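K.L.:
Listed below, chain by chain, are the residues.
Number of protein chains: 4
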Amino acid sequence: MCRWLAYTGSPVLLTRVLYTPVHSLIDQSLHSRLGAETTNGDGFGVGWYDVAPAPGVFRSIEPAWNDQNLRELAGHVRSHLFFAHIRAAIGSAVQQTNCHPFRHGRWLFMHNGFIDGFAAVKRDLVLAVDESLFPQIQGTADTEVLFYLALTFGLEDNPPEAVARAIGLVEACGRSQGVEYPFQGTIATSDGESLWAFRCSSQGKSRSLFFTRDVRALRQQYPDREILSEVSDDARLVVSEPMGDLPGAWVEMPEASYGVVSKGDDQLLPFVPKRPQKSM
Amino acid sequence: MCRWLAYTGSPVLLTRVLYTPVHSLIDQSLHSRLGAETTNGDGFGVGWYDVAPAPGVFRSIEPAWNDQNLRELAGHVRSHLFFAHIRAAIGSAVQQTNCHPFRHGRWLFMHNGFIDGFAAVKRDLVLAVDESLFPQIQGTADTEVLFYLALTFGLEDNPPEAVARAIGLVEACGRSQGVEYPFQGTIATSDGESLWAFRCSSQGKSRSLFFTRDVRALRQQYPDREILSEVSDDARLVVSEPMGDLPGAWVEMPEASYGVVSKGDDQLLPFVPKRPQKSM
Amino acid sequence: MCRWLAYTGSPVLLTRVLYTPVHSLIDQSLHSRLGAETTNGDGFGVGWYDVAPAPGVFRSIEPAWNDQNLRELAGHVRSHLFFAHIRAAIGSAVQQTNCHPFRHGRWLFMHNGFIDGFAAVKRDLVLAVDESLFPQIQGTADTEVLFYLALTFGLEDNPPEAVARAIGLVEACGRSQGVEYPFQGTIATSDGESLWAFRCSSQGKSRSLFFTRDVRALRQQYPDREILSEVSDDARLVVSEPMGDLPGAWVEMPEASYGVVSKGDDQLLPFVPKRPQKSM
Amino acid sequence: MCRWLAYTGSPVLLTRVLYTPVHSLIDQSLHSRLGAETTNGDGFGVGWYDVAPAPGVFRSIEPAWNDQNLRELAGHVRSHLFFAHIRAAIGSAVQQTNCHPFRHGRWLFMHNGFIDGFAAVKRDLVLAVDESLFPQIQGTADTEVLFYLALTFGLEDNPPEAVARAIGLVEACGRSQGVEYPFQGTIATSDGESLWAFRCSSQGKSRSLFFTRDVRALRQQYPDREILSEVSDDARLVVSEPMGDLPGAWVEMPEASYGVVSKGDDQLLPFVPKRPQKSM
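Just so you know, the protein sequences line up as chains A, B, C and D, in that order.
So in the numbering used here, the last spot in the first sequence is 419, and the numbers never skip.
So in the numbering used here, the last spot in the second sequence is 419, and the numbers never skip.
So in the numbering used here, the last spot in the third sequence is 419, and the numbers never skip.
So in the numbering used here, the last spot in the fourth sequence is 419, and the numbers never skip.
No lab work stands behind these hints: they were computed from the structure.
Keep in mind that this is a model prediction, so the values were computed, not measured.
Glycine residues also receive a C-beta, built at the ideal position from the N, C-alpha and C atoms.
A few of these clues could be false.
[To be verified] For the chain B half of the interface with chain A, some residues (derived, Cβ under 10 Å), not all of them:
(1) Ala232
(2) Gln234
(3) Asn237
(4) Leu266
(5) Val268
(6) Ile276
(7) Gln277
(8) Arg314
(9) Ser315
Please construct the entire structure, taking both the sequences and the accompanying hints into account.
P.N.:
Put into structure tokens, the structure is as follows:
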């Protein structure tokens, strides 16, 4: 229902990733190919890390394809790790506080998908958010609640565990309300050092997710591509939908799995939501 | 922190009330005289009743003084009962879902003031909202929560009782968190038939509130004023801050009181918040 | 590149025409079928006549599909003659002053199409606008310049003649700059009494345009359709792209023609741009 | 009618200049002291130079005081030369294309003031813009026309001469239309290397303009101020209205003068508009 992109590697100008490639994310805002919706025009957001203590976040309710300020920002901001998200809203209002990525301290979080039956479970979910975090919820999107649940369950210490518990709670609450498939989606989160990407759905038919093959291998295959010589060996893109025109550049993330991109240590592992132990 | 206006009487074009008078509400968005803030530029809203089942609501995050669409709407919409509100945000985001008036079914609700220490009591307050109403909260403003509390406590059956209980709960929650003066403000609510206006604050120093004297008396005093001959005998304006240039036209609502304007039966009565009976 | 709709007939609530039908104009903002662009998300506008001296105009740069204020307005405003336009911008900025319909006095004007090579001919075209009208141009869209040219050439007295001269000038200026097909599009204009719709392009392959068959005939064919019994015998819709689900309801406007819908006197006539007499 | 600020010196985070000082420019958007208008809430803009070929420009129609994206940008972007402008519109529409600073190639341009009787002279002025520049005018503000006139008259080669000729033309056109005082204002322009600031008005009563005293002298006076040790010896701020709380830090620019801040060579010189030689 949305599209997103996460980059980690040597610092690049955002525009090189957001605008330059064929079928770029900005093109996908108007015409995506793989999405449940072909238009992702209900706002967008960019989050980027630099030397500041917290990542910058720029969000707008205009469609990304005609936002002049995004174009300016992308042409002047460089980052070694950034997120971009284009939204196709399903339910919650089109307003900046509902645009991804969401931020808490040094953490960013974004999602393509939804909590099914959100209206029915929202109260139970927000009640499960830690009391000290509760007042920091600024919007009304399902993803923001999911983010605060993950924070409640220790995102800052163990992201895979915290996300598994958050989705597990969503599934438990949803099923208690008769929702067949409570969770759908792909998620990215980061602390500015490492990047975690999840693909998971209650139905076992998750939204698509792809990551780039090793840059060194791509350079051998496409020695003339300038962008490949610009970025570092450990550069990695994770996207909802492939962009660019380099056949063989993308690997699909398997169903029910997650990946971690960290300094010199990338891993791909199975992912299973964790049901809450007892009482709901 | 905001300014508002409520009109009830024979149908008039909104522009006659919103734009035409000297020191009109739209002027007050840029330069109010009596407000805690002189600029009320953080969005606005208009709600109006006509023959449709529910009132119309137009809200925008642009300052009212330069919103061309508001000008157009006001020049073409007639109503026998309408609300207008200009906002000076204190805390919650400037977004349409935080603009007053709020609507539920046939009811409109708006407020000038605030719940002090809202972050500390928000969780307790939203928990007290009826579970069936909870998912309908669309924004993050303190006033919207107050509205849903009033709906929970029977606003549709007995507005003064419901508002007294809602504010009473706000005061109880606030005081349990050490807030000295938890509630401040003036409130208007309506079902399209009657209009209720409240002036109340924990400190006993409430935001200002005024209503117009009897139109028949005003007509005798100002026989040349066109607007006075246009409107019906029972027309009534309630405002945060007087507008126009008719000395003697305005009566200040007393501290800790509320007024009801209903068909041929206007009343002004004392108002006291009702503390919750037992457990919080 | 855009989609538009014009209604004339007995007064109806805008929502009945804009939102209710299958494949409505609002649906077309997200997924049009016949347009050069499938998404028309670069703002929209509505213009409507009522008893006021000038038509009301509501314009926004948000996509129509998620504009809550448009939904409210459409649910509360009734009109006997109104225009609606959804925009897919090609070149000029996405801002309210570039949204159709444009207004001058009692006249509304909207367009689906473009002036090819506009940057090259803009100076010559605005120079041809009457000096007294020139300062009233508020935006930068090609269509607004076309409207002011038509006003210069007597739109208020003889719309077909004025539009023919305006397009003729566009073609002459364009060709002098080497543009092969300077004009493309369909146009609607009205004074609140009559409605004129034009289909014309330099290439002879104009954007699509349709109008409804006689309502009395449609009622016989579809006796159960509520909307058909609501509207008057002389009701007429002109649209870029058919909506609703009534086979046989729509007639395609022929290439190079225009229609007039006036009280009891509808006409369909050939349309040819008029070249300027002499020097350009 | 507006307020602006220009900084040149060692690279600083924008927030240090825009938000940190007492009575900062962002505070002035809500409550200015010296302006003709106390509220400057009709949009804003920031332009900044970095290593990119052209300066970045971020413009918005929201009031600066509550624009979250401006706050983010200012907290993450560093620049050695940047402009910021807050607008109080007088006439032209509140839209991004009318927000200052305006940009052409490497040049930025902003203005506090107005062309009096602009509607009457606009046609003559835009006709005087070079034909190749004409199509690049994107908005409808008087200042943008002034900028394009200055570009036409050689801004990129000799800014003081070009600005003098542009204002001279404005005065000649205005007076031929009976406008007593055609031009009012202060102007800043830059190519990313040097900064020019002008103070001038037909009436001889120009909007206020101030610049900072030599940083070395300020450091001696205020040894504890962190910002003063952060910036380079040649750092300079030019502002419509003093900010901060350092008595003696500001020097008023004299009436009818201009200043140039260039590498190691600051000058303050008289400024007189140049009337066009012959026919208008």
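K.L.:
A closest beta-carbon separation below 10 Å is what the hint needs, so does isoleucine 276 of chain B meet it against chain A?
P.N.:
holds, 8 Å
K.L.:
The hint names arginine 314 of chain B as touching chain A; please verify it with the least Cβ-Cβ distance against 10 Å.
P.N.:
For arginine 314 of chain B, the interface hint is violated, since the closest Cβ of chain A sits about 18 Å away, which is over 10 Å.
K.L.:
Against chain A, is glutamine 277 of chain B within 10 Å by beta-carbon distance?
P.N.:
holds, 6 Å
K.L.:
Does glutamine 234 of chain B pass the interface hint, meaning its C-beta sits closer than 10 Å to a C-beta of chain A?
P.N.:
holds, 4 Å
K.L.:
Can we keep the valine 268 of chain B interface hint, with Cβ of chain A closer than 10 Å?
P.N.:
holds, 9 Å
K.L.:
Just to be careful: measuring from the Cβ of alanine 232 of chain B to every Cβ in chain A, is the smallest value less than 10 Å?
P.N.:
Result: holds, 5 Å to nearest chain A Cβ.
K.L.:
Was the hint right that serine 315 of chain B lines chain A, CB cutoff 10 Å?
P.N.:
Interface hint status for serine 315 of chain B: violated (14 Å vs cutoff 10 Å).
K.L.:
Take the shortest C-beta to C-beta distance between leucine 266 of chain B and chain A; is it under 10 Å?
P.N.:
This hint holds: leucine 266 of chain B lies near chain A, its Cβ roughly 7 Å from the closest one there, short of 10 Å.
K.L.:
Does asparagine 237 of chain B meet its interface restraint, that is, does its C-beta lie within less than 10 Å of any C-beta in chain A?
P.N.:
holds, 9 Å
Taken one by one, the earlier hints fail for this structure at numbers 8, 9, listed in ascending order.
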